Amino acid sequence: MSAVLLEARGLSKRFGGVVALDRLDLAVAPNEIIGLIGPNGSGKTTFFNVATGIYGSDGGTVSFAGADITRASPQAVYHAGISRTFQRSRLSLPLSIFDNIMIGNHKRLSQGLWFNLMRRAAFKREFEAAYGAARALVEVFEPQLTGRMFEPVAGLPMIDRRRIEICRALVSQPKLLLLDEPSAGMTHEETTELMDDILQVRARNRDLTIIIVEHEMGVIERITDRCVVLNFGRKIAEGPYRQVAADRQVQEAYLGVA
Amino acid sequence: MVGEGDRSSQASWLPGAAALALGTVYVIALLAVEKQSFIIGLLALAIVAALAANWLGWLAPVSRSFAEHEDRLGGLAIVAAVAVAAFFHDNHFVLLLVVTVLLYTVATLGLNIQFGYAGVLNFAGASFFGIGAYTSAVLNAHTAVPHLLVLLTGGLIAALIGSLLLLPVLRTRGHYAALVTIAFALLLKTFLEVNDVLGGPQGLQVKGMKLFGWSFNDNLSIGRIDLSFYLSYFVVSLLLLIAAFVLVRRLERSWIGLNLDALRLDETAASCFGLDIARWKITAFTLGNFLIGIAGALFGMVGGFVAPNNYTFADSLILVSILLLGGIGNPWGLVVATVIVVVIPEKLQTIQEYRFLLYALLVIVVLLFRPEGLLPRPVRRYFPGWRP
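Which chain is which? The protein sequence lines are B and Z, in order. For the first sequence, my numbering begins at 1 and goes up steadily by one. For the second sequence, my numbering begins at 1 and goes up steadily by one.
Mixed in with the good hints, there may be bad ones.
[What the hints assert, rightly or not] Distance windows between CB atoms, simulated: (1) B:E126 to Z:K35: 49 to 59 Å; (2) Z:R72 to B:E128: 15 to 25 Å; (3) Z:A53 to B:L93: 22 to 32 Å; (4) B:L93 to Z:W55: 22 to 32 Å; (5) B:R120 to Z:P168: 27 to 37 Å; (6) B:K124 to Z:E353: 47 to 57 Å; (7) B:G112 to Z:V197: 35 to 45 Å.
Everything labelled a hint here was simulated from the structure, so no lab data went into it. All figures in this text were calculated on a predicted structure; none of them were measured in a lab. Where is the CB? At the ideal position from N, CA and C, for every residue including glycine.
Go ahead and model the full structure; you've got the sequences and the hints to work with.
As structure tokens, this is what we get:
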């Protein structure tokens with residue numbers, strides 16, 4: 001494997017006159033946990049959206065595991081091994097926990113019309129195997145939810161929805177997981193619990209690389225190997241959390257110039 | 001499979017069977033009664049009974065037993081349909097009504113794949129139904145194609161003509177895609193009216209069905225009992241409905257059904273998990289039109305006649321209102337809703353002219369008080385009664 005899993009070079013994205021990403025260079029090594037931090041509107045989510053193909057870029061390149069994915073569709077990015085969660089929960093509320101997790105399992109499920117409609121015995125075997133995988137994953141995050149796999153997620157509290165969203169992103173065993181503010185809308189204790197669960201999944205799968213966007217600095221300090229700080233779409237600092245937290249430019253970006 | 005002594009299964013099949021039996025008796029009574037005041041009384045009774053059952057909490061066990069014992073109750077529903085047909089074995093009018101219900105249900109099952117699952121609103125349902133009927137008219141008149149193949153061809157041609165709409169439907173979303181289908185319905189009607197090859201505004205005769213040398217339009221008799229010739233059409237229509245029902249059920253209870261739900265609810269999220277949006281919308285739209293076309297092809301043979309005015313935008317609205325009324329995404333709801341929408345105006349002659357007013361009222365009342373339809377779609381269970 002190459003020493004760099006995901007690499008952005010000179011990546012730019014403009015919305016009209018607003019420069020959301022300004023010639024961003026970013027390199028993520030395999031197995032790293034990277035914290036992507038910065039004030040609101042500094043381009044963190046935009047970076048996720050450009051990297052996953054939701055937005056096209058206005059300059060620069062993104063490569064993943066040695067292949068150029070700058071112009072790849074969201075579908076191709078997923079198939080290459082990148083999964084994500086969304087800042088605002090994007091679960092399908094009327095669908096069950098199991099269904100939502102299976103949406104994330106798309107590439108490992110047989111999609112043929114004939115298989116799905118006519119070969120019901122084979123479909124049932126695949127269904128049971130997929131159920132086992134989903135259940136095992138949910139067990140890590142919240143064992144109580146394993147008894148409610150066929151209930152709609154609309155009835156679940158925020159923390160459980162977050163958990164299901166992370167299960168949906170993890171079930172296909174991606175190489176890179178992009179977490180967009182997993183703590184949004186949750187209490188401090190809930191966030192701690194969720195992070196413990198994510199670390200537990202990673203402990204079993206050492207190949208998993210994570211980029212996490214987060215405002216809760218306690219989370220960033222505890223779980224990341226390295227941080228990248230953005231401001232106005234530009235990288236203003238990079239390094240271990242303690243180092244960037246002490247950086248004068250970073251303090252100014254967050255607190256304003258005294 | 002759920003057997004007789006299966007302890008892990010919690011719901012009994014009996015409430016479902018009881019509801020089915022009551023419903024069958026009621027439908028027979030409604031179809032048999034002629035006097036307008038009796039019919040109004042029966043309808044009022046149904047509304048009161050439904051509200052009372054809801055109030056007493058009797059509907060939940062019924063829906064649970066349908067959810068867990070669908071195969072068995074589906075078998076009973078077939079028996080019920082046969083019982084209704086047997087009761088009216090010599091009554092042309094009622095049997096035609098029953099056949100209409102069966103074929104409209106097949107058509108709405110097709111719409112259900114498109115709108116209920118994939119979220120593609122098709123306001124040209126009646127047009128694709130009509131395309132099926134025109135296919136029968138032309139093929140039965142000019143070729144010797146076996147009539148079962150004619151039905152299949154009707155479906156294929158509807159799907160093929162529908163594929164002309166794919167590009168605009170895929171490039172637009174929501175209301176705009178619906179507008180594309182409305183435009184298509186108007187275009188098709190105009191095209192049929194000015195095209196003399198297809199009979200122009202007068203339309204075409206459709207020759208009746210013949211299967212294996214058996215002509216459906218001859219009256220039958222068993223011993224000394226005379227049977228309506230519609231009974232043959234009833235059998236074929238029922239078989240078609242069973243096939244369509246099983247197909248739609250399997251589709252919903254598969255990864256494809258999940259894909260369709262996922263792209264309807266959130267295209268962006270679905271894309272981020274590898275779903276090819278265009279592929280699945282095309283699958284749903286084409287499969288839906290195929291079902292509608294087959295139903296139309298058979299309906300053309302039943303009615304013996306097809307004209308542009310039979311399949312207008314207004315008829316498409318009726319199909320959509322059945323979908324809204326029954327419960328989007330629930331095939332059982334579609335059966336109930338089709339019975340209501342097709343049978344009531346035929347029986348209540350006094351309101352015939354106001355039928356569209358009735359549909360409009362019905363849809364508004366349902367959307368206000370029960371927005372998910374009479375029988376809301378339950379959460380997907382891939383195998384009814386399956387437990388980990």
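Structure-based check of each hint:
{"no.": "1", "hint": "B:E126 to Z:K35: 49 to 59 Å", "in the structure": "holds, 57 Å"}
{"no.": "2", "hint": "Z:R72 to B:E128: 15 to 25 Å", "in the structure": "holds, 23 Å"}
{"no.": "3", "hint": "Z:A53 to B:L93: 22 to 32 Å", "in the structure": "holds, 29 Å"}
{"no.": "4", "hint": "B:L93 to Z:W55: 22 to 32 Å", "in the structure": "holds, 28 Å"}
{"no.": "5", "hint": "B:R120 to Z:P168: 27 to 37 Å", "in the structure": "holds, 35 Å"}
{"no.": "6", "hint": "B:K124 to Z:E353: 47 to 57 Å", "in the structure": "holds, 52 Å"}
{"no.": "7", "hint": "B:G112 to Z:V197: 35 to 45 Å", "in the structure": "holds, 40 Å"}
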